[in-house]
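Peer 1: Using the sequences and the hints, build the whole thing.
2 protein chains.
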Amino acid sequence: MSEACIATYRLQDNLADFHKKATAIAVGLTVGSWTDLPEARKAEMEKHLGRVLSVEVHEPEDSPNGERYADIRIAYPDANFSRDLPALLVTVFGKLSMDGRIKLLDLTFSEGFLSAFPGPKFGLDGVRELLGVYDRPLLMSIFKSVIGHDLEQLRAQFYGQALGGVDLIKDDEILFENPLTPIEKRVAVCMEAAARAQEQTGQKLLYAVNVTGKTSKLREQALKAIDAGANALLFNVLAYGLDALHELSSDPEIAVPIAAHPALAGALYPSPHYGVAAPLLLGKLVRLAGADLSLFPSPYGSVVMPKAENMAVKEALLSDELPIRRALPVPSAGIHPGVVPLILRDFGQDVVVNAGGGIHGHPLGTAAGGQAFREAMRASAAGIPLAEAARQHEALGRAVELWGIKA
Amino acid sequence: MSEACIATYRLQDNLADFHKKATAIAVGLTVGSWTDLPEARKAEMEKHLGRVLSVEVHEPEDSPNGERYADIRIAYPDANFSRDLPALLVTVFGKLSMDGRIKLLDLTFSEGFLSAFPGPKFGLDGVRELLGVYDRPLLMSIFKSVIGHDLEQLRAQFYGQALGGVDLIKDDEILFENPLTPIEKRVAVCMEAAARAQEQTGQKLLYAVNVTGKTSKLREQALKAIDAGANALLFNVLAYGLDALHELSSDPEIAVPIAAHPALAGALYPSPHYGVAAPLLLGKLVRLAGADLSLFPSPYGSVVMPKAENMAVKEALLSDELPIRRALPVPSAGIHPGVVPLILRDFGQDVVVNAGGGIHGHPLGTAAGGQAFREAMRASAAGIPLAEAARQHEALGRAVELWGIKA
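First to last, the protein sequences are chains A and B. My numbering applies: residue 1 is where the first sequence begins, and numbers increase by one. My numbering applies: residue 1 is where the second sequence begins, and numbers increase by one.
For the record, the hints were derived by calculation from the structure and aren't laboratory data. Among the hints, a few may not be true.
[To be verified] Here are the computed lysine-lysine pairs in the DSS-like style, where the Cα-Cα straight-line distance is at most 25 angstroms:
#1 A:Lys217 - B:Lys214
#2 A:Lys224 - B:Lys214
#3 A:Lys185 - A:Lys224
#4 B:Lys307 - B:Lys406
#5 A:Lys214 - B:Lys121
#6 A:Lys42 - B:Lys144
#7 A:Lys185 - A:Lys144
#8 B:Lys42 - B:Lys20
#9 A:Lys307 - A:Lys224
#10 B:Lys307 - A:Lys47
#11 A:Lys214 - A:Lys185
#12 A:Lys144 - B:Lys224
#13 B:Lys214 - B:Lys224
#14 B:Lys185 - B:Lys214
#15 A:Lys20 - B:Lys47
#16 A:Lys20 - A:Lys47
#17 B:Lys224 - B:Lys121
#18 B:Lys204 - B:Lys224
#19 B:Lys185 - B:Lys144
#20 A:Lys185 - B:Lys47
#21 B:Lys214 - B:Lys121
#22 A:Lys214 - B:Lys204
#23 B:Lys185 - B:Lys204
#24 B:Lys217 - A:Lys144
#25 B:Lys224 - A:Lys217
#26 A:Lys20 - A:Lys42
#27 B:Lys217 - A:Lys214
#28 B:Lys20 - A:Lys144
#29 A:Lys217 - A:Lys185
#30 A:Lys224 - B:Lys217
#31 A:Lys217 - B:Lys121
#32 A:Lys204 - A:Lys224
#33 A:Lys217 - B:Lys217
#34 A:Lys406 - A:Lys144
#35 A:Lys214 - B:Lys406
#36 B:Lys20 - B:Lys47
#37 B:Lys144 - A:Lys47
Peer 2: Written out as structure tokens, the structure is:
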């Protein structure tokens, strides 16, 4: 099977013959027709023929309207498509995506296909190395608000965040090129604030700058940011396509980690009937395309994803099934210091704790917001219950007073 | 309202206060917070503040589980984003797409935003002019199968289609760069077949060649195809992002019509709860990004879209609401000559009748397949019932015998 990529679909249909349907897909999306071909032609075409690997029909007895579905697996020969993600996705889920209730659950890549993807340039270990932090979750913070703010205001926000001991600060994904804070000036003032904060905290910091604008100028934007001192990038991958991320991440001159933002992902993954499953989209594909960090909805906030799906996204980012570096999971939304023990339980150490309101909304200010998280992490690492640590550490205490402890 | 783009959403929630939710979106996706701001700051920030234009709550009395929804319209100031589609989409449906059951129904663009989009370079009228066909629907045919075929086989298929009197022939969207039929060689043999057929039919023909591969090389691929004689392009726009189409279509050197293929669209539009509505995705956005032709599922085949949605896609492609050229609707799948009167009734003259199996599957062969369509069009134009015309014209007769007449 090393010369084919395998797609797993869930088809919902109350009447269909799923085995017949699977064969129609395997033939229709590859050689077009099969049974009518002369034998000699079949011999030539066999290397292009899709194959049905399995059809698992599920007919729950208690389904109210006779709902039934099947999970089917189809192998698509590598010979049919070029080694890029648009070609693979158009092959396995182009026309098919419009053919009834069908969802793309998973993809398994052939060795040949994988050989075109170096994957994350840094990944989990590389990002830890850049930061010199190996023994705890990383802490990321998000600007509170950015639109309509000038360079001085961003600098002040950035400095407050940096002082709190965060490891990464990311741009808001809705901050585009604008006259108040153009990318090279924004990077310059923020990196200067980072250096000043480092004198106090002794801690390194990555600033993930939002790379935006025309597709053909993304590389130029990224290099402009890097020239100005940016040491990480943020990228709205789904607005540009996975291949655009792949090109940025595999560019030798773009030697900084890239955080993939899931903007627009909600148009693709949440329906049980249509779209692309979150673990594939925000896990496997984003990692294959070279994201060093992948943001996705956390199980703790209002922007939810079922917990099992969260865990599957994490698994896809960290799994050794892919022969490329692991990407850092960044479960986002609804994160405050009282959630830290839960995050550690669910994700372990190899996670980025990512907070916005849970840092800026701290009663003692933004810097205290970051400190409260770090205190929560230290307590968790030492096995000290958060309630007890909250009594000993002011920043954490005030955070827990405001937001509580999530169990 | 000329300095804001307006998004219309459908939110489904059995409990939410939709007015409160609308305000939270308008503020949250623009300035971040509002009520807490000092008055002086409010004055500065007002030009960036999103505005709720309307909230229409629907609470059907007969909904079994108390389902209710609201259509809400929010205006997003242009000052908040750069004039490109990724920025607009990330602003209006980035994070929000993941915030419960929400679907993006429509977008209305400000004049300022629109000024960055020249739209289709040819459009409906331009394509008609290139072909010299003004008084009937256009006829497009699709290769029957292409994977594993060599240049001679493609040439023969192309010639058969061209002899049938089709106006356009499109590559299969799953034909990528491959050793058997690389783009420049494929174009050369097919355009040579087109010229030979034209000697017989006296008719011009556009060949829409699939532009594929790395995002950064799309322009180069397109120019390579054009240098080899290609007079149209096919593009899997959703695999690369709308901005990639915009860049191709607005490139002065790419002076041929572009047909946008809807591959992957089924991951985005069919759910009633999530995603982006088809008339926006395959109508307005694809046209704004510069597609001269837009393919979408027809109401006649197995790959269906509700009829009203089909009509709304058509409307979005042809409407004079946008100050750019009209794009040709190409309803696809399930098309045979017996459907022609229906297509004309539903779409009028300004449509591309697009067939694959309905041409190649003709009992007398591919050329007769195209001829049957042309005969059906002539009959419809002359007000002759198809059943009657089928008795007088052999190709049409055999087609109707096989596939029937759809009423």
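Peer 1: Against this structure, judge whether each hint is valid.
Peer 2: Hint check results:
Annotation: proposed proximity of Lys217 of chain A to Lys214 of chain B holds, straight-line Cα distance about 15 angstroms (limit 25 angstroms). Using a Cα cut-off of 25 angstroms, the hinted pair Lys224 of chain A and Lys214 of chain B holds, with the two alpha carbons roughly 22 angstroms apart. Among the hinted pairs, Lys185 of chain A with Lys224 of chain A is consistent with the structure: their alpha-carbon atoms are about 10 angstroms apart, no more than 25 angstroms. For the suggested pair Lys307 of chain B and Lys406 of chain B, the alpha carbons sit about 15 angstroms apart, so the restraint of at most 25 angstroms is met.
Simply put, Lys214 of chain A and Lys121 of chain B have alpha-carbon atoms about 19 angstroms apart, close enough for the 25 angstroms limit, and the pair holds. With a CA separation close to 16 angstroms, the supplied pair Lys42 of chain A and Lys144 of chain B stays within the 25 angstroms bound. Under the criterion of a C-alpha separation no larger than 25 angstroms, the hint pairing Lys185 of chain A with Lys144 of chain A is consistent with the structure, at around 19 angstroms. Restraint check for Lys42 of chain B and Lys20 of chain B: satisfied, since their Cα atoms lie roughly 20 angstroms apart, inside the 25 angstroms limit.
Proximity of Lys307 of chain A to Lys224 of chain A is assessed by CA-CA distance (about 39 angstroms); at most 25 angstroms being required, the pair is judged violated. The hinted pair formed by Lys307 of chain B and Lys47 of chain A fails the criterion: a straight-line CA distance of about 39 angstroms is larger than 25 angstroms. The straight-line distance between the Cα atoms of Lys214 of chain A and Lys185 of chain A is roughly 19 angstroms, inside the 25 angstroms bound, and the hint therefore holds. For the given pair, Lys144 of chain A sits about 47 angstroms from Lys224 of chain B by alpha-carbon distance, which is inconsistent with the 25 angstroms threshold.
In summary, the hint linking Lys214 of chain B to Lys224 of chain B is supported, as the alpha carbons are separated by about 14 angstroms, within the 25 angstroms threshold. Among the hinted pairs, Lys185 of chain B with Lys214 of chain B is consistent with the structure: their alpha-carbon atoms are about 19 angstroms apart, no more than 25 angstroms. Among the hinted pairs, Lys20 of chain A with Lys47 of chain B is inconsistent with the structure: their alpha-carbon atoms are about 58 angstroms apart, more than 25 angstroms. Of the supplied pair hints, the one linking Lys20 of chain A and Lys47 of chain A holds, its CA atoms being roughly 21 angstroms apart against a limit of 25 angstroms.
Between Lys224 of chain B and Lys121 of chain B the alpha-carbon distance is near 19 angstroms, which keeps this suggested pair within the 25 angstroms criterion. For the proposed pair Lys204 of chain B and Lys224 of chain B, the alpha carbon gap of about 22 angstroms is at most 25 angstroms, so the pair holds. The suggested pairing of Lys185 of chain B with Lys144 of chain B holds, with an alpha-carbon distance near 19 angstroms, which does not exceed 25 angstroms. Proximity of Lys185 of chain A to Lys47 of chain B is assessed by CA-CA distance (about 23 angstroms); at most 25 angstroms being required, the pair is judged to hold.
Using a Cα cut-off of 25 angstroms, the hinted pair Lys214 of chain B and Lys121 of chain B holds, with the two alpha carbons roughly 23 angstroms apart. Annotation: proposed proximity of Lys214 of chain A to Lys204 of chain B is violated, straight-line Cα distance about 35 angstroms (limit 25 angstroms). For the suggested pair Lys185 of chain B and Lys204 of chain B, the alpha carbons sit about 21 angstroms apart, so the restraint of at most 25 angstroms is met. Of the supplied pair hints, the one linking Lys217 of chain B and Lys144 of chain A is violated, its CA atoms being roughly 38 angstroms apart against a limit of 25 angstroms.
Restraint check for Lys224 of chain B and Lys217 of chain A: satisfied, since their Cα atoms lie roughly 21 angstroms apart, inside the 25 angstroms limit. A distance of roughly 20 angstroms separates the Cα atoms of Lys20 of chain A and Lys42 of chain A; the hinted pair therefore holds under the 25 angstroms criterion. With a C-alpha separation of about 15 angstroms, the suggested pair Lys217 of chain B and Lys214 of chain A falls inside the 25 angstroms cut-off, and the hint holds. Using a Cα cut-off of 25 angstroms, the hinted pair Lys20 of chain B and Lys144 of chain A holds, with the two alpha carbons roughly 21 angstroms apart.
Our distance criterion of 25 angstroms between C-alpha atoms is met by Lys217 of chain A and Lys185 of chain A, whose separation comes to about 18 angstroms. The suggested pairing of Lys224 of chain A with Lys217 of chain B holds, with an alpha-carbon distance near 21 angstroms, which does not exceed 25 angstroms. Note on Lys217 of chain A and Lys121 of chain B: the hinted pairing holds, with a Cα-Cα distance of about 22 angstroms set against a maximum of 25 angstroms. For the hint pairing Lys204 of chain A with Lys224 of chain A, the CA-to-CA distance comes to about 22 angstroms; that is within 25 angstroms, so the pair holds.
Only pairs whose Cα atoms come within 25 angstroms are accepted, and Lys217 of chain A paired with Lys217 of chain B is accepted, the gap being roughly 13 angstroms. Straight-line distance between C-alpha atoms of Lys406 of chain A and Lys144 of chain A comes to about 23 angstroms, which keeps the hinted pair within the 25 angstroms bound. With a CA separation close to 45 angstroms, the supplied pair Lys214 of chain A and Lys406 of chain B exceeds the 25 angstroms bound. This hinted pair checks out: Lys20 of chain B and Lys47 of chain B have alpha carbons roughly 21 angstroms apart, not beyond 25 angstroms.
This hinted pair checks out: Lys144 of chain B and Lys47 of chain A have alpha carbons roughly 18 angstroms apart, not beyond 25 angstroms.
Checked against the numbered hints given earlier, this structure breaks hints 9, 10, 12, 15, 22, 24 and 35; the rest are met.
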